[in-house]
Every structure is written in C-alpha cells, then in structure tokens.
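Engineer: Single-letter residue listing:
2 protein chains.
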Amino acid sequence: MTDFEKTRSLFYLPEGIVYLDGNSLGPLPLAAKERVARLMTDEWGELLIKGWNKAGWMMMPRKVGDRVGRLIGAPEGTVVMGDTLSIKVYQALASALELRPERKVILSDSGNFPSDLYMADGLIRSLGRSHELKIVEPEEVEAAIDETVGVLMLTEVDYRTGRLHDMKSLTKKAHDKGAIAVWDLAHSAGALPVDLTGADADFAVGCTYKYLNGGPGAPAFIYVAPRLADKVRPALSGWLGHETPFAFDLGYRPGGGIDRMRVGTPPILGLVALDAALDAWEGVDMADLRQQSIKLCDLFVAEVEKRCPMLTLGSPRNGEKRGSQISFLHREGYAIMQALIARGVIGDFRAPDAIRFGFTPLYIGERDVLKAVSILEDIMTNRLWDAAEYKQRALVT
Amino acid sequence: MTDFEKTRSLFYLPEGIVYLDGNSLGPLPLAAKERVARLMTDEWGELLIKGWNKAGWMMMPRKVGDRVGRLIGAPEGTVVMGDTLSIKVYQALASALELRPERKVILSDSGNFPSDLYMADGLIRSLGRSHELKIVEPEEVEAAIDETVGVLMLTEVDYRTGRLHDMKSLTKKAHDKGAIAVWDLAHSAGALPVDLTGADADFAVGCTYKYLNGGPGAPAFIYVAPRLADKVRPALSGWLGHETPFAFDLGYRPGGGIDRMRVGTPPILGLVALDAALDAWEGVDMADLRQQSIKLCDLFVAEVEKRCPMLTLGSPRNGEKRGSQISFLHREGYAIMQALIARGVIGDFRAPDAIRFGFTPLYIGERDVLKAVSILEDIMTNRLWDAAEYKQRALVT
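In order, the protein sequences belong to chains A and B.
Quick note on my numbering: the first sequence kicks off at 1 and runs consecutively.
Quick note on my numbering: the second sequence kicks off at 1 and runs consecutively.
Please note that the accuracy of each hint is not assured.
It does not matter which identical chain is meant; a pair holds if it fits inside one copy or across any two.
[What the hints assert, rightly or not] Straight line, CA to CA, 27 Å or less: simulated DSSO-like cross-link-like pairs of lysine-lysine:
1) Lys-50 - Lys-391
2) Lys-173 - Lys-134
3) Lys-172 - Lys-63
4) Lys-50 - Lys-6
5) Lys-54 - Lys-371
6) Lys-134 - Lys-306
7) Lys-306 - Lys-50
Note that these hints are calculated values from the structure, not bench results.
Construct all of the structure, not just a fragment, from the sequences and the given hints.
Structural biologist: Pasting the structure below:
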C-alpha cells in the first residue's frame with residue numbers, strides 16, 4: 001500500500017492552508033527547491049557551457065520524458081519534454097493530419113481546453129483552410145466519429161467538470177473508422193492511471209505543472225506511438241529535432257523516433273525542477289492513488305451536498321467517470337472562491353460558474369477535505385461571499 | 001563611462017577559468033541565483049497558485065520583454081518573452097508571409113543559424129509547398145532582394161564568423177522592394193547596440209541565454225513593429241495570446257498588439273532568472289560596451305595572429321563589421337578547443353573547423369584575453385591538441 005503520509009512529507013505546504021488547487025499548480029516539492037539550487041550553483045555556476053554534456057542537460061528532455069512515461073503507460077523512448085502544452089498540441093495535430101491526408105475533419109468537443117481548439121484553428125489556417133474543426137458536445141463524441149474524421153483530438157479529463165472520456169473505447173472507434181487519436185492528458189497525468197499503450201493511443205500531450213508538481217510554466221510532454229514515431233513529420237522542425245544538430249547542416253533531416261519532436265534549446269531550470277518533483281512518484285502505486293482519490297472526492301461531494309444545498313454538483317457523481325477533481329456550480333462562484341481563498345481554502349474558478357477543487361492523495365488527506373467543507377459551509381450559510389472585496393476579478397482566475 | 005569592474009562583480013566566474021563562451025551560455029549572475037531561490041520559497045512555496053496574480057507571474061513575459069526591448073531599440077509594449085527562439089522564428093515568419101500573400105519567396109543566407117532555416121522549411125511544408133526558401137551566400141543577400149521576395153529572414157550576426165549584416169540598409173532595401181524583414185538577434189542582443197526602431201525592422205526574435213545571461217534554455221523573445229502588431233495573425237494561436245484567456249471561449253480572438261504572440265503558460269523559473277540577469281544592464285551604456293568589445297576582440301586577433309600563425313582568422317578583421325565574437329579556423333579545431341577547455345579557457349567549436357570565442361565586456365577584460373592567448377599559444381606551439389583524449393566528440397560541441 002502506498003504510504004501517503006510519506007509522500008505528503010515531500011512537499012512544502014504553507015501552515016493553515018488547505019490546498020485544493022494542485023490540479024492547476026502543484027505545490028513545491030522540497031526536492032525541487034534543493035535541485036534547482038544545485039543547478040544554479042554547481043552546474044550553471046561551475047560547469048557553465050560544459051553543463052550541456054557533463055550535467056546531462058542535453059539529454060534531460062528524454063530522461064524526464066521517460067519518467068513521465070512511466071506514469072502514463074508509455075514505454076521508454078516514446079515521450080519527450082519541451083515547450084508548452086499548446087505547442088505540443090500543434091505538433092501532434094500537424095503530424096496526425098499528415099498521416100490521413102485524404103481526411104479533412106478534426107473532431108473535438110466543447111469540453112476540450114480552449115487552447116487546444118485555438119491551436120487547431122491556427123493550424124487549419126496555415127494549411128489553407130482545407131480542414132474543418134468540428135466541435136460537438138462531450139457525450140456526442142462517440143457517435144460523431146465517422147469516416148470523414150482524420151483526427152480525433154480530445155482532452156481525457158474535462159478541465160471544468162472532471163468528466164473522464166473512455167480513452168480506450170474512443171481510440172478503438174477512431175481506429176475502426178480510420179482516424180488518428182490525439183489525447184491531451186493535462187488533467188490526467190498524475191491524477192489517475194493512464195495506459196497509452198493499452199489504449200493504443202497514437203499521440204498524447206500534457207503539461208506537468210498540475211498533478212506532476214513541476215512548477216509554474218513547467219515544460220510539456222509529447223508521446224508518439226512507437227509504430228508512428230519514425231513516420232511522422234515534425235511541423236515545428238527545430239534544430240534539436242534534427243538527426244545531427246551539431247553538424248549544423250543547412251537542410252533538415254528529422255531525428256529518429258521521438259527525438260524529432262524536440263524543437264529548440266530545452267528549458268533546463270524547468271526541467272530539473274520537474275525531474276526532482278517526479279521523485280515523489282517513486283513507490284506510488286497508481287491503483288492506490290486512484291482508490292484514494294475517488295475516496296477523497298466522494299467524501300467531498302457527500303459532505304458538500306449535505307451541508308451546502310445551494311451548490312450544485314458540476315462533476316460526474318460516479319468516481320469512475322471523472323478525474324481527480326470536483327466542481328460545484330453557483331452563479332456567484334467567483335466571489336465564493338475568493339471568500340474561500342481568504343479563509344485559506346485554495347481552489348479556483350472556471351467561467352462561467354464553476355468552483356473547482358483538485359484532490360491529490362500525494363499531499364491531501366481526509367482531514368483537509370473535512371476542513372475545507374466546514375469553511376465552505378460557513379461561507380455559504382452566512383453568505384460571507386457577498387462582500388464587495390470578493391467580486392473584483394483578478395487577471396488570473 | 002560604464003564601470004565594467006562593477007558589472008564583473010555581478011557574476012559568478014569559477015576560479016582559474018577564462019570564460020569566452022558567453023556567446024553560447026552566459027555565466028551565472030549572482031542576482032539570478034538569489035531571485036530563483038526566492039521564487040521557489042516565497043512565491044511558488046508560499047503563494048502557490050496565487051503567484052500568478054500576486055507575484056506578477058502572468059505579466060512577466062511583457063515586463064521582461066520591455067527590459068529586453070530597451071537593449072534592442074524596441075519601445076515599450078513591443079517585445080514579449082516565451083518559448084524558444086525556433087518557435088519565435090516560426091511565429092514571425094508565418095505572420096510575415098501573411099502580410100505579403102502574393103509573394104512566394106523567403107530569402108535567407110547560408111550564415112543563418114540552421115534552426116531558422118529548418119523552421120522555415122517546416123512552415124513551407126505546412127503551407128502546402130507554395131513557398132520557396134532561397135538561400136544565398138551572406139555577401140549576395142543585398143543583390144538577391146527583388147520583387148519576388150516576400151520575407152527577408154536573416155540573423156544579424158553570423159553564429160560562426162561573427163560577420164555583421166547591415167540591418168538598416170538591408171531592411172530598407174527589403175522595404176523598397178516590398179518585402180518584410182525578419183531579424184534574428186541571437187548573437188546581437190546584449191552583444192552590440194541594436195536599434196530596431198531606427199532600422200524600421202518588421203519582426204525580430206532572439207534568445208536570452210547568450211549575452212543576456214538568462215541561463216540554460218532561457219526563454220526567447222519576439223518583437224513586432226507597432227505599425228504591424230494589430231494586423232498580424234498569430235499562427236501559433238495559444239490561449240495566452242487570446243483577447244480574454246480566462247473567459248475560456250471556444251473561438252480564438254487574438255489579443256491586442258504584442259500579446260497575441262504569447263502562446264502557452266510562461267516558463268516562470270526561466271523568466272525570473274532572466275529578469276534578475278537583466279539587472280546587470282542597468283547603467284550600461286551600449287556605446288561603451290561596443291567600444292570595449294571591439295577593443296577586446298581586436299587585441300585577441302592581433303595577439304593570436306602574432307603568436308599562433310597556424311590559425312587562420314575566420315571573422316571580419318574590421319571590428320565594425322562583426323559582432324562580439326572571434327573565430328579562428330583550423331582543421332583540428334575540435335581537438336584544439338578541447339585542449340583549451342582542459343586548460344581552463346572555455347570557448348566552443350563550430351563545425352567544420354571553427355574555434356569560437358565570445359568577448360563580453362560585462363565580465364571579460366584585457367587580462368583574460370592575454371591569458372587565453374598565452375594558453376592557446378602553448379597548445380599550438382607544442383601541439384598539445386594532438387592527444388587522443390581531445391579528439392573524442394561529445395554530444396554538444
């Protein structure tokens with residue numbers, strides 16, 4: 001059984017705070033603080049340019065990619081780190097479209113994170129508007145997969161509601177209809193067991209600052225199925241995806257396998273922080289994590305529904321059908337969340353009306369859940385959110 | 001007069017090392033070490049998700065962009081940070097091509113950094129191969145700018161030789177012929193005075209881990225001329241370039257001005273390190289920097305030519321015609337550089353035969369130059385490079 005008391009001890013959690021926003025930005029792993037300090041002093045400071053070889057910086061996108069891969073069912077050598085999730089979406093989608101040149105429809109849903117849709121829109125415009133982005137409701141996705149679809153592009157866990165798509169069956173349907181499946185694991189990686197190999201996914205992408213605790217703006221990842229990795233074109237053909245970057249040839253030749261999805265010089269500060277953050281996963285059994293996550297979420301739902309009747313559940317009630325987060329809906333959601341934050345319970349708000357809470361067993365326990373509900377109950381019962389100070393919108397919500 | 005003794009004191013330079021590779025990776029600014037430690041503890045650790053508003057993370061790409069802008073002649077609000085240089089090249093080029101839809105030629109030269117050419121190649125393929133990347137020799141660029149050229153895409157300072165293009169006259173010629181000018185300032189920003197406004201450049205991009213000392217894989221920048229910023233399409237249309245990112249609309253609407261060149265979640269560790277590194281530029285007069293840079297380079301050339309006759313100068317002799325770096329050519333350049341590094345003189349090697357040295361007055365003085373030449377002379381005179389250990393190629397050269 002995974003020791004979640006031990007994993008909790010690996011994080012810095014400010015006194016008096018119940019942090020239910022690790023689905024947006026994970027807390028500071030103590031190891032990341034140490035590791036970054038060592039990078040600054042012993043590597044950048046002492047080794048200078050030699051750090052690229054001697055400290056292994058150049059290979060970090062692959063090394064860290066393999067560590068992320070172990071959490072998402074990806075074999076060694078199939079995941080590489082770099083850039084942001086939006087860029088990785090673009091890479092995956094551009095490659096996927098070229099594998100089905102005769103198909104002109106990208107199918108996605110309204111539960112996808114908007115940036116994925118925006119990147120698709122930009123790509124379609126570059127491609128001369130020959131393609132169409134078709135957006136259906138999440139529950140209509142399966143029926144909408146037909147022979148016109150070239151690429152099915154979905155986020156497995158809905159960022160607002162936590163609703164979980166069935167990756168395996170949707171990928172199978174996509175393949176049956178001749179389409180390529182691109183999965184965004186932003187709210188999945190580290191939140192629940194993911195099995196890219198078992199689901200036979202073609203591409204997957206994700207970010208690492210949520211459940212993987214890599215820090216603000218930590219690098220993203222991309223997975224390409226081994227059967228495709230040597231076939232795909234990297235639309236963003238940067239020098240570190242070249243077969244021999246340091247030959248400085250004028251012409252581009254893609255590197256072997258997943259290496260071709262590298263683009264520019266990797267962000268080493270972010271990569272070492274993430275690498276250290278991933279230490280917390282050593283010894284964690286993903287089945288234990290899932291069981292505990294569902295238990296915490298179920299407890300939160302039950303207690304909130306009992307004690308705060310004016311809030312409406314915005315997430316699937318069945319734990320098997322959602323990720324590791326719970327949303328409740330209320331017209332004054334923004335102010336309610338501000339009032340919660342002022343009382344030390346940190347979640348976030350997603351327009352138009354969702355207050356969202358992430359539950360990450362690595363550092364959140366039952367006591368935290370009960371404390372959060374008590375404070376939420378006080379705020380709702382006494383309308384504490386109804387103060388002008390909580391209604392002022394900040395830049396980042 | 002700029003106090004270069006003072007700027008030198010702002011960097012950590014390992015004992016006994018002469019660091020002539022700041023044109024590849026600048027040394028550690030002491031302020032960056034402190035600032036990153038504070039980010040980890042006081043911001044990520046204590047503020048958690050609130051750091052995006054309270055520590056100003058969300059606005060850092062603009063704030064740091066403005067600081068970089070002051071070093072390259074860009075007005076406030078015209079530069080934004082993020083991603084890697086390769087990605088920024090793609091953005092600039094895609095936008096530039098759309099401003100000249102009827103023109104099908106991208107003109108560049110063989111002195112451009114290969115990644116710029118690779119990214120152009122990838123973009124052309126996405127655009128359906130309707131465009132052509134024409135690569136001429138650096139000295140043929142001016143004559144090759146004609147009415148067929150849609151975009152002139154050049155790196156101002158050649159990464160191998162240090163040869164400096166005349167940005168102002170080439171931009172003027174491009175404009176006279178109806179073309180858009182995209183400038184890569186990778187080896188210019190912080191190396192010499194740059195005046196994007198005076199040159200009337202359309203787009204500029206650059207990296208910040210060289211002369212700006214932002215650290216390994218520090219974020220890149222992009223400049224768009226104010227007269228174009230609201231007209232251009234962001235091909236990489238990510239959520240943070242959206243007019244209202246936190247409205248989570250399904251449709252993309254570009255943000256105003258330079259904001260639309262933002263893509264995904266910004267890399268905060270890299271941004272704060274860079275922000276602190278830029279403190280070293282407060283009080284630096286770029287004309288002083290240029291004068292001192294030319295003096296150091298001229299001294300190095302004169303001494304090496306006098307004392308190492310087997311090396312051939314690979315850089316322009318006239319200081320006004322080059323950046324802040326000097327290359328010498330030798331068939332055994334790789335081994336010579338390894339021998340130098342073993343003796344504490346750090347430069348780098350660029351295939352096929354260039355040993356390359358960067359001179360950055362912020363922390364390099366005449367004594368360093370003379371010490372480097374003495375060691376180089378010893379290595380050349382006594383053929384110390386002719387040892388097997390110096391001929392083994394490392395991953396990063």
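Engineer: Look at each hint and say if it fits the structure.
Structural biologist: Structure-based check of each hint:
| no. | hint | result |
| --- | --- | --- |
| 1 | Lys-50 - Lys-391 | between (51 Å within a copy, 16 Å between copies) |
| 2 | Lys-173 - Lys-134 | within (17 Å within a copy, 44 Å between copies) |
| 3 | Lys-172 - Lys-63 | neither (30 Å within a copy, 47 Å between copies) |
| 4 | Lys-50 - Lys-6 | between (36 Å within a copy, 26 Å between copies) |
| 5 | Lys-54 - Lys-371 | between (48 Å within a copy, 25 Å between copies) |
| 6 | Lys-134 - Lys-306 | neither (40 Å within a copy, 69 Å between copies) |
| 7 | Lys-306 - Lys-50 | neither (60 Å within a copy, 29 Å between copies) |
Hints 3, 6, 7 from the earlier list are contradicted by this structure; the remaining hints agree with it.
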